[in-house]
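**Student:** Residue numbers (the working numbering), protein chains in the order written: chain P, 1 to 291; chain Y, 1 to 172.
Note that these hints are calculated values from the structure, not bench results.
Quantities reported herein were computed from a predicted structural model and do not represent experimental measurements.
You may find that some hints are simply not true.
Here are some, though not all, of the chain P residues that point toward chain Y, as calculated from beta-carbon distances under 8 Å [stated by the list, open to error]:
(1) Ala12
(2) Glu21
(3) Thr46
(4) His91
(5) Asp95
(6) Arg100
(7) Lys108
(8) Gly116
(9) Val205
Straight-line Cα separation of at most 30 Å, DSBU-like style, residue types lysine-lysine; simulated pairs [unchecked claim]:
(10) Lys44(Y) <-> Lys108(P)
(11) Lys108(P) <-> Lys158(Y)
(12) Lys208(P) <-> Lys137(P)
(13) Lys208(P) <-> Lys44(Y)
(14) Lys167(Y) <-> Lys190(P)
(15) Lys117(P) <-> Lys44(Y)
(16) Lys108(P) <-> Lys162(Y)
Covered stretches of chain P (chain Y as the covering partner; in silico rule of three or more C-beta atoms under 8 Å from a C-beta of chain Y) [as the list claims (entries may be wrong)]:
(17) 52 to 65
(18) 126 to 134
(19) 170 to 180
(20) 243 to 257
Cβ coordinates follow ideal geometry from the N, Cα and C atoms, glycine included.
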Amino acid sequence: MAHTYEVFLGCAIPNRFNNYEASMRQVAKGLGIELLDFDGASCCGTVVLKSIDENSWLAMSGRNIALAESRGHDIVTPCNGCFGSLKDTDHVLHDNDTHRNALNEALKPLGLEYTGKANVRHFVEVLYDLKDEIKKKIVKPLNGLKIAFHPGCHLIRPSNVADFDDPELPQKVDELLELTGAKSVPWGMKLSCCGSPLLIASEDVATKIIKEKMESAKEGGANCLVTNCPACHTQFDVQVLGLKDDNGESLELPALFVTQVLGIAMGLDPEELGFELNRVSLDPIAEILSI
Amino acid sequence: MTETWGQFKSFDEKKFEALDPEFTKKVSELLGGQDLAACFQCAKCSAGCPVSDKVNIQIHEVMRMLLFGLPEVLETDMIWLCTTCYTCQERCPQGIDITDILFGLKNMAFKKGIAPQGYIAARQSFYDMGRLYEPTDWEREDLELEDVPELNVDDTKKILDKTGLMKLEEVE
Chain P
1 MAHTYEVFLG CAIPNRFNNY EASMRQVAKG LGIELLDFDG ASCCGTVVLK SIDENSWLAM
61 SGRNIALAES RGHDIVTPCN GCFGSLKDTD HVLHDNDTHR NALNEALKPL GLEYTGKANV
121 RHFVEVLYDL KDEIKKKIVK PLNGLKIAFH PGCHLIRPSN VADFDDPELP QKVDELLELT
181 GAKSVPWGMK LSCCGSPLLI ASEDVATKII KEKMESAKEG GANCLVTNCP ACHTQFDVQV
241 LGLKDDNGES LELPALFVTQ VLGIAMGLDP EELGFELNRV SLDPIAEILS I
Chain Y
1 MTETWGQFKS FDEKKFEALD PEFTKKVSEL LGGQDLAACF QCAKCSAGCP VSDKVNIQIH
61 EVMRMLLFGL PEVLETDMIW LCTTCYTCQE RCPQGIDITD ILFGLKNMAF KKGIAPQGYI
121 AARQSFYDMG RLYEPTDWER EDLELEDVPE LNVDDTKKIL DKTGLMKLEE VE
């Protein structure tokens with residue numbers, strides 16, 4: 001079975017979560033997923049550009065999709081923001097002749113055309129296709145790891161665009177995580193936004209949201225948080241540093257990427273999975289992970 | 001309530017000069033605006049909204065203001081404190097693309113110069129670099145990651161010139 005994609009890294013991962021890219025590449029290698037460099041990729045567009053000007057967002061995002069299409073490849077991205085933006089663009093362009101024609105007019109001088117042939121996928125979707133393979137490769141069970149999994153918004157909503165999992169009861173990534181022997185614990189605020197899109201408008205409100213999320217994850221009995229998005233991870237592994245609840249207790253919880261959890265359970269080298277770059281201390285779960 | 005964003009803080013003693021049907025029409029023509037008039041104020045959108053308890057004007061109130069034709073809606077804090085989580089849109093029993101409408105309202109507000117400073121800086125980065133952030137090379141070297149594939153910024157500048165990204169502001 002061939003699994004070949006152009007890998008769309010986006011801006012946030014190379015900027016501050018190179019451990020996510022490293023662990024994704026290691027897991028991909030272990031599973032025979034071929035990741036090709038996405039030459040000429042720009043920013044995905046993001047909700048930021050969509051907020052400023054939808055025409056510019058469609059142009060920026062649509063150019064990326066047309067680039068992959070010109071080389072006959074599908075796109076895979078480990079970022080919810082990029083996934084959401086590219087999928088949303090595809091969705092708008094599919095139904096809207098005016099926008100599609102405007103994009104193709106803008107792309108003409110670049111020798112590109114968008115026709116919608118390139119699929120956009122999230123890396124966890126590709127992993128889910130391979131869950132039987134992953135199960136066979138688990139060599140280091142993570143018994144005792146109690147995960148508060150945070151799917152993030154744009155992986156699952158709006159569901160007619162994301163088209164991946166149940167928007168009110170998503171379970172696919174939890175299933176993958178539990179293949180390792182870890183437990184995905186239920187927690188009250190699992191599906192609510194991490195607040196990271198507000199860092200650009202109001203850090204104050206973004207901080208209120210991450211406090212609520214962390215309190216909820218702790219109430220759920222988790223000993224770590226797992227994400228599949230660099231924007232969410234910014235809240236859980238950077239903004240959370242030093243935050244305390246009303247009783248003065250630290251709100252930090254070890255924060256891991258889904259690919260780090262799978263990678264360590266597949267017996268891959270912790271150094272190559274980039275654990276050195278996780279900011280919140282991993283000491284409370286170091287024994288379980290054997291790192 | 002937050003004081004960090006938005007001029008429009010409360011409906012108390014607020015008097016509206018005119019109800020502008022043209023404004024409602026313009027909003028219904030936005031991406032996702034087609035079902036705007038189907039809103040019957042059940043407020044399920046606000047019930048699931050992660051910032052309902054952190055804004056002065058909630059999302060169902062924004063929807064009402066749109067149907068009443070009140071352009072003052074662009075000055076409410078809900079516009080830029082929407083996290084774009086799509087919970088309201090996912091759950092709306094009338095199938096209204098609420099989050100998508102909010103994106104259109106943000107576009108309208110930006111044109112009028114009503115936008116947080118961070119967005120103005122981000123626009124410059126999109127234009128100058130074709131991205132929001134630069135790679136952190138020492139981390140990539142430590143992890144033996146290849147360089148991020150190169151982008152010819154002239155390509156993205158060409159298409160952003162065409163869409164007029166740097167000249168969005170309305171001239172009075």
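**Student:** Can you give the numbers of the hints that this structure goes against, from lowest to highest?
**Tutor:** 4, 5, 6, 7, 8, 10, 12, 14, 15, 18, 19, 20
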